[in-house]
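Colleague: Spelled out, the chains give:
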Amino acid sequence: MDKTLPDLATAVGGIDDGMTVMIGGFGGSGAPIELIHALIDRFVATGHPRDLVVVNNNAGNGHVGLAALIEAGMVRKLICSFPRSADPVVFTEMYLAGKIELELVPQGTLAERIRAGGAGIPAFYTPTSFGTDLAKGKPVEVFEGRSYVQERWLKADYALVKAHLGDTLGNLTYRMAARNFNPLMCMAAARTVVQVSKIVAPGSIDPEAVITPGIFVQGVVEVPDPAQEEMLNRANARYPEVAE
Amino acid sequence: MDKTLPDLATAVGGIDDGMTVMIGGFGGSGAPIELIHALIDRFVATGHPRDLVVVNNNAGNGHVGLAALIEAGMVRKLICSFPRSADPVVFTEMYLAGKIELELVPQGTLAERIRAGGAGIPAFYTPTSFGTDLAKGKPVEVFEGRSYVQERWLKADYALVKAHLGDTLGNLTYRMAARNFNPLMCMAAARTVVQVSKIVAPGSIDPEAVITPGIFVQGVVEVPDPAQEEMLNRANARYPEVAE
Amino acid sequence: MTAKLSPTQIAWRAAQDIADGAYVNLGIGFPEMVAKFQPPGRQAIFHTENGILGFGEAPAAGSEDWDLINAGKKAVTIKPGTAFFHHADSFAMVRGGHLDVAILGAYEVAENGDLANWSTGPKGVPAVGGAMDLVHGAKRVAVITDHVTKDGKPKLVQRCSLPLTGVGCVTRIYSSHAVVDIEGGRFVLREKLPHLSVDELQAMTGAAMIVPAAPADLIVPEL
Amino acid sequence: MTAKLSPTQIAWRAAQDIADGAYVNLGIGFPEMVAKFQPPGRQAIFHTENGILGFGEAPAAGSEDWDLINAGKKAVTIKPGTAFFHHADSFAMVRGGHLDVAILGAYEVAENGDLANWSTGPKGVPAVGGAMDLVHGAKRVAVITDHVTKDGKPKLVQRCSLPLTGVGCVTRIYSSHAVVDIEGGRFVLREKLPHLSVDELQAMTGAAMIVPAAPADLIVPEL
Chain A
50 MDKTLPDLAT AVGGIDDGMT VMIGGFGGSG APIELIHALI DRFVATGHPR
100 DLVVVNNNAG NGHVGLAALI EAGMVRKLIC SFPRSADPVV FTEMYLAGKI
150 ELELVPQGTL AERIRAGGAG IPAFYTPTSF GTDLAKGKPV EVFEGRSYVQ
200 ERWLKADYAL VKAHLGDTLG NLTYRMAARN FNPLMCMAAA RTVVQVSKIV
250 APGSIDPEAV ITPGIFVQGV VEVPDPAQEE MLNRANARYP EVAE
Chain B
50 MDKTLPDLAT AVGGIDDGMT VMIGGFGGSG APIELIHALI DRFVATGHPR
100 DLVVVNNNAG NGHVGLAALI EAGMVRKLIC SFPRSADPVV FTEMYLAGKI
150 ELELVPQGTL AERIRAGGAG IPAFYTPTSF GTDLAKGKPV EVFEGRSYVQ
200 ERWLKADYAL VKAHLGDTLG NLTYRMAARN FNPLMCMAAA RTVVQVSKIV
250 APGSIDPEAV ITPGIFVQGV VEVPDPAQEE MLNRANARYP EVAE
Chain C
114 MTAKLSPTQI AWRAAQDIAD GAYVNLGIGF PEMVAKFQPP GRQAIFHTEN
164 GILGFGEAPA AGSEDWDLIN AGKKAVTIKP GTAFFHHADS FAMVRGGHLD
214 VAILGAYEVA ENGDLANWST GPKGVPAVGG AMDLVHGAKR VAVITDHVTK
264 DGKPKLVQRC SLPLTGVGCV TRIYSSHAVV DIEGGRFVLR EKLPHLSVDE
314 LQAMTGAAMI VPAAPADLIV PEL
Chain D
114 MTAKLSPTQI AWRAAQDIAD GAYVNLGIGF PEMVAKFQPP GRQAIFHTEN
164 GILGFGEAPA AGSEDWDLIN AGKKAVTIKP GTAFFHHADS FAMVRGGHLD
214 VAILGAYEVA ENGDLANWST GPKGVPAVGG AMDLVHGAKR VAVITDHVTK
264 DGKPKLVQRC SLPLTGVGCV TRIYSSHAVV DIEGGRFVLR EKLPHLSVDE
314 LQAMTGAAMI VPAAPADLIV PEL
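Chains as they are written, first to last, in my numbering: chain A, 50 to 293; chain B, 50 to 293; chain C, 114 to 336; chain D, 114 to 336.
One thing to keep in mind: the hints can contain errors.
[As the list claims (entries may be wrong)] Pairs of lysine to any residue residues, derived as SDA-like cross-links and limited to a Cα-Cα distance of at most 20 Å, are as follows:
1. Lys126/A / Lys236/D
2. Lys236/C / Pro273/B
3. Lys185/B / Asp178/C
4. Lys247/B / Met50/B
5. Lys187/D / Arg283/A
6. Lys187/D / Arg155/D
7. Lys187/A / Met50/B
8. Lys192/C / Gly210/C
9. Lys252/C / Ser196/B
Calculated from the structure, these hints are not laboratory results.
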């Protein structure tokens, strides 16, 4: 019953070519940088996984984390709401060169589609995007005189998540606004692996304070001092580091 | 900006005839007994409110709280999942006598309909109740080869909620399984009034520990030692107390 | 030799199929007993609809906290690793397919997997609770039940006559006399009480069972 | 006399209409400035899409915590009464109609209330963020904008030519030259810069305005 994973490589070891992978975080906050980098390591060593469909709110920043994953050429398609950032050059160049697909989803719809995936709700109606280009091709229904767009659930093969504390049963807490999409993605993936700053014994987290109950988590790996994307980018970091 | 209400009578003073009122709790845990009794007091004194539509998971127990509200003749219709209890005599007699309507809703659908009401989702699809009597008359749609029932949001004019701590901005915590439907009902009512064991100053509740953010709450009233339905029923309590 | 298994014994048998670390929801009443019989070395994590995962046993009489109850409104306890959550999150766990097993009672189970366990007909007060969600949520839905009604009528039937809880949802039945799987719209006998002949069991069953060459013996300790 | 209001001044004007205790979402960039100009004695509660209600001002440089940011990815602070929550709960607040006001930027606003503020057309990388949710969620959706584009073309138009963010959602525009309401599918002039004639303003506006007998003066302090 202990969900502790020995290392990051093990955590991402089951991600295969073509899988849909949800990656938590909003910009840098809550982004599981170390899990992403472990996935890049595997690709550098083996050429796999590739052709991934990645779900994240953004499209990465600079040349680390999600941006590095995209830059490595591992991502076939990105599902996100806001592929802009302080330094979006990687995604922008690949998108304009036709090397990566984009499914643009309004942010609230993205969050709700992921929750729906986790909650067994195959479709729901939202006022968001009605009458806009992003509603094209989607069923519209009128309820109580107002028009709504039908949106479908979003599920993933894997979720890569960053949390703060995690116990060995997978119960999680988050740090402030680093919560964002992470708890939802835990729910929506067949397999959720989580990097936590500290793995603690069951009972160390107050039952009232658990944000993600362990049922939504398949593995936890300890990353004591996780990198923060903003700090890496201020230092002009790249991943993998370029030998020159 | 201070949402503190002076007393229970004020808290329930805006509930008018025919309104839909969500009442939190699952059985006795999380049931806002004192708010319900204040509403009964108003009815005893004024004859109003009446013809209420009440949403609760159950139908009351014994002769206090929700059971007393029903017994007083204030409830036209009950929307619930499980109108049975250790002592369901009040609802059972009135239902079998045709004096109260019942809309029976599967428990998970009830919870999700309330959340949908709070989240601006007018309808969603669920596998629950497909092929059963409770799906009769509801639209069915097939997604990825499986059949789902369309369910509609549920909203209320008022929610009566019991929480543990509340700050003056309406941020709330709950006690253990007394959480249940309460946070959802806070979201789904035009006006949510909450009885809390203690009103505290903003900042007294850790921002990570807030379960219901204040945006979902319109008023808080302090009830320092709330009655527990199970204990009232063990003492064969009635509300109002019967003078004999 | 036992004429039939007691409810406690049926619960024991059902408990033997629950893996270590499994997330399990036990229906109100009789199914709740399953929790008592986890095999040594295995620890399931129990879910209750009203918002607790990983709760513990009943507290001693007199030390109940009525904010800490299960779906049957019985007092429970917390233990290391317990988590609380609201009803929408609770049923996200159910409907979203996160539970490994749900074990429910039954009025009738049909060979097509249909279950009737919430209404005995139009009389009385109907009550459904979380059963309709559970039957479409858990990865595996099992039923524990007497093999026949008090009047001796089969509870394992061709088609349910009572209002359905769910369509084609049950995959295994632990009865007072047998363990029966549902596969391809048919009852498949897996285990039967040793003293009982296949013909005797078939006579108590409302639809033809597929019977393997040698169905295993259903052996349960005295409890 | 000011030729036109600066963005800061537009933000000031918009802030004057926010009630004490209002729940407010400010769009990324220019609208964020509105928070600075709450009238004395009033305290709005600011919501950010990424899961904070009631956050405070930016921290001093060097003391940022990058887990504590707003939707524009700028560092913020907590203050007494702050609450954290996940994205689905955050957009439940938005879509569920719990916000009192959302103040957004605009490329174009049409007299029918349509807003275009997310895409300047098929070139480049499209990005929508939370704008499409906000325009259908908040009780009141206001826009702050220059009255005309850099090329001098009207931003208040008959019909939007750019991809829409939302249909019929905007009810008030705070521009560099005027305050304009949208009512019954028409622009209604409420306030204009004192030095500006109605004809001059109309000439800068892409659709005919309804002009009351005496539109109020739009008077904003130097900031």
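Colleague: Each hint: holds or not?
Modeller: Comparing the hints with the structure gives:
1. Lys126/A / Lys236/D: Given that 20 Å is the threshold and the Cα spacing comes to 19 Å, the pair holds.
2. Lys236/C / Pro273/B: violated (43 Å)
3. Lys185/B / Asp178/C: Violated, because 40 Å separates the two Cα atoms, which is more than 20 Å.
4. Lys247/B / Met50/B: holds (18 Å)
5. Lys187/D / Arg283/A: Holds, at roughly 14 Å.
6. Lys187/D / Arg155/D: Since the Cα atoms of Lys187/D and Arg155/D sit roughly 24 Å apart, the hinted pair is violated (cutoff 20 Å).
7. Lys187/A / Met50/B: Violated, because 42 Å separates the two Cα atoms, which is more than 20 Å.
8. Lys192/C / Gly210/C: Violated, because 24 Å separates the two Cα atoms, which is more than 20 Å.
9. Lys252/C / Ser196/B: Cα-Cα ~17 Å, so holds.
When the structure is compared with the earlier hints, violations turn up for hints 2, 3, 6, 7, 8 and for no others.
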